[in-house]
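Colleague: Chains as they are written, first to last, in our numbering: chain W, 1 to 188; chain V, 1 to 202.
Honestly, the hints are just simulated from the structure, not real lab data. Glycine included, each C-beta is placed from N, C-alpha and C at the ideal position. Certain hints may be false.
Selected chain V positions facing chain W (Cβ under 8 Å, derived; list incomplete) [claimed, not checked]:
id: 1; residue: Leu65
id: 2; residue: Pro72
id: 3; residue: Ala74
id: 4; residue: Ile85
id: 5; residue: Val88
id: 6; residue: Val99
id: 7; residue: Ser107
id: 8; residue: Tyr113
id: 9; residue: Val136
id: 10; residue: Val140
id: 11; residue: Val141
id: 12; residue: Ile145
id: 13; residue: Ser163
id: 14; residue: Leu167
id: 15; residue: Ile174
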Amino acid sequence: MILLELIWAFFQVGLFSIGGGYAALPQIQNIVVEKLGWLTPLEFADVLTISQMTPGPIALNAATFVGTKIAGLPGAFAATLGCVLPSIIIVLALAFFYSRYRNLKGVKGVLNGLRPAVVAMISVASLAVLLLALFSDAPPTMPLTAENIIAFVMVAVGFLVLRIFKPDPIFIIAAGGGVGVLAYYLVK
Amino acid sequence: MERVIVIEKIIEKDAKLYLKLFTSTFTLSAFTLGGGYVIVPLMRKKFVQELGWIEEKEMLDYVALAQSTPGPIAVNTSILVGFRIAGVLGALLTVLGTVLPPLIIISLVFFLYDAFSSNAVVNAALLGMRIGVAAVLLDVVVRMIWLIVKEKNLLSIFILLASFVALQFFNVSIVLIIALAALIGAAETLIKSQRERGQGSK
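In isolation and in its complexed conformation, chain V is listed as follows:
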């Protein structure tokens, strides 16, 4: 008799856990403006400080992993968190929680956009906002380029310039550029580590 009760308790707790995972990521995603770089610190606050489900250091690793794998950072981080806490089902639930708010909001916005985009005043506002976005992008790009240049790594600067020219002027495919850049990066590390080993043996 007692065993049955224990099992029921565990299942109940699990259901609560899954629900909590879903609602946590859903609210985080619904109320976070500004994408990945904003949502990640908030996730940390929620899962590390508030719920205490994940250790600080581990969370940092997750963010680094999320940034270096394909796909939106918010989605990737939520997969790692969900998997860590409740396995594959947990990961699927956190993805659902992260994806649903933009899905709902943007499909609503789409119908508004369709109705409004023929309105002259709305168009004037959109035009002005596009110019604002261009300024924001310019700021982002300048900062990112500066971060690369600041390191004074000639190979990085070369990859930056060569990729830019190849994309802008020669329409080289993005896939090819990603493959080549990854190859160059791997080769550089390999050569460096071999050189270090060679010096070590002398």
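Excised from the complex, chain W in its bound form:
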């Protein structure tokens, strides 16, 4: 039964993430973290981190991670299957009709409307990750703690470096890890 639940949960994740890349974030957060509680917000952030450092789409990585956690290797397969089923059904159907409908005006209009909504969804999910990075799991308190301020400075520096030098994101994430370890030894 749990395998069916995994398939169904990630079927929804796959079905409602349009636009690739980060589009799966809001769905994973909504369904897997909030509704089902299969991942804690902290684990979700770690899955994101791992996803950035390993090959493969975020949705598939999250599916494998959650599936393994809930039901071992069969769970990983079930969740992955659920995640790609909508693609297999919809994209295969589309491949049949590809040449006939690709220039239909209505389809283009739908996509035009969807794009800003998808950006809004990704923004909301990213905001949650940002708040988690800045304040950990606790609600923000006044005055800010030293850790809060260090995290804030790190995000700001990382953001500026990304904007100006456009390095590979993995570099920023690895640097963040380095600073984290350094801070740990300094505090100790």
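Since the structure of chain W is provided, determine the placement of chain V on it from the hints.
Modeller: Just chain V now, with coordinates in the frame of chain W:
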């Protein structure tokens, strides 16, 4: 006698083709860091330039289709490529090739994560990396919002703002927002095209 040989040849070639489809997508997926936007140009290089199985223009259409249908872009593109070259079986093989590497890698990482996540140093590193990811997401979001705002289409900006407020502050369901945004987009195009037709007839 000759006919039998010909048939055998075709089958053999087909098996090779299927194997090639699988190994191509498998290696692409296994060695590509950074998800859909990285894997798609590499697929183009492989299937258009190296193997010559697909035309340049067609590949661009596939990428656009993959981006506008549900699911990971890498998976969707591989389905289209696999179907184009070897039908439904081809599509299933390319999906398998794309899906297996993350499945193997992440299930290995999961066990490492379980063993390591109680270690204080690893936790400090993870915390720092999470902050790094937050910076990366901030960069991505700023760029995406800017792309929408730059178009100066008031309706798009309205959809962006309204969806953000609805999701962030009122917990409106994602499905509802997708449905409404799609409807608004379709209605806008419909009204526009009717207006154009009206002007044309005058």
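Colleague: Does Ile85(V) meet its interface restraint, that is, does its C-beta lie within less than 8 Å of any C-beta in chain W?
Modeller: Violated: closest Cβ of chain W sits about 11 Å from Ile85(V), beyond 8 Å.
Colleague: Using Cβ atoms only, decide whether Val141(V) comes closer than 8 Å to chain W, and label the hint accordingly.
Modeller: 5 Å, holds
Colleague: Mind checking the CB of Val88(V) against every CB in chain W and telling me if the closest is under 8 Å?
Modeller: 7 Å, holds
Colleague: Identify whether the interface hint at Leu65(V) stands, where standing means a beta carbon of chain W within less than 8 Å of its own.
Modeller: Hint on Leu65(V): holds, closest Cβ of chain W at ~6 Å, below 8 Å.
Colleague: Using Cβ atoms only, decide whether Tyr113(V) comes closer than 8 Å to chain W, and label the hint accordingly.
Modeller: 7 Å, holds
Colleague: Under 8 Å is the threshold here; is the Cβ of Ser163(V) close enough to any Cβ of chain W for the hint to stand?
Modeller: With a closest approach of 4 Å, the Ser163(V) hint holds.
Colleague: Does Leu167(V) pass the interface hint, meaning its C-beta sits closer than 8 Å to a C-beta of chain W?
Modeller: With Cβ-Cβ at 4 Å, under 8 Å, it holds.
Colleague: With chain W as the partner, please determine if Ile145(V) meets the hint condition of a C-beta pair closer than 8 Å.
Modeller: Check passed: Cβ of Ile145(V) comes within 6 Å of chain W, closer than 8 Å.
Colleague: Val136(V) was flagged as interface toward chain W. Is the shortest Cβ-Cβ separation under 8 Å?
Modeller: Holds, because the Cβ-Cβ distance from Val136(V) to chain W comes to roughly 4 Å (cut-off 8 Å).
Colleague: With chain W as the partner, please determine if Ser107(V) meets the hint condition of a C-beta pair closer than 8 Å.
Modeller: This hint holds: Ser107(V) lies near chain W, its Cβ roughly 5 Å from the closest one there, short of 8 Å.
Colleague: Less than 8 Å between beta-carbons is the criterion; does Pro72(V) satisfy it with respect to chain W?
Modeller: 4 Å, holds
Colleague: Against chain W, run the beta carbon of Ala74(V) and see if the smallest gap drops under 8 Å.
Modeller: 5 Å, holds
Going down the numbered hints, you'll see the structure goes against just number 4.
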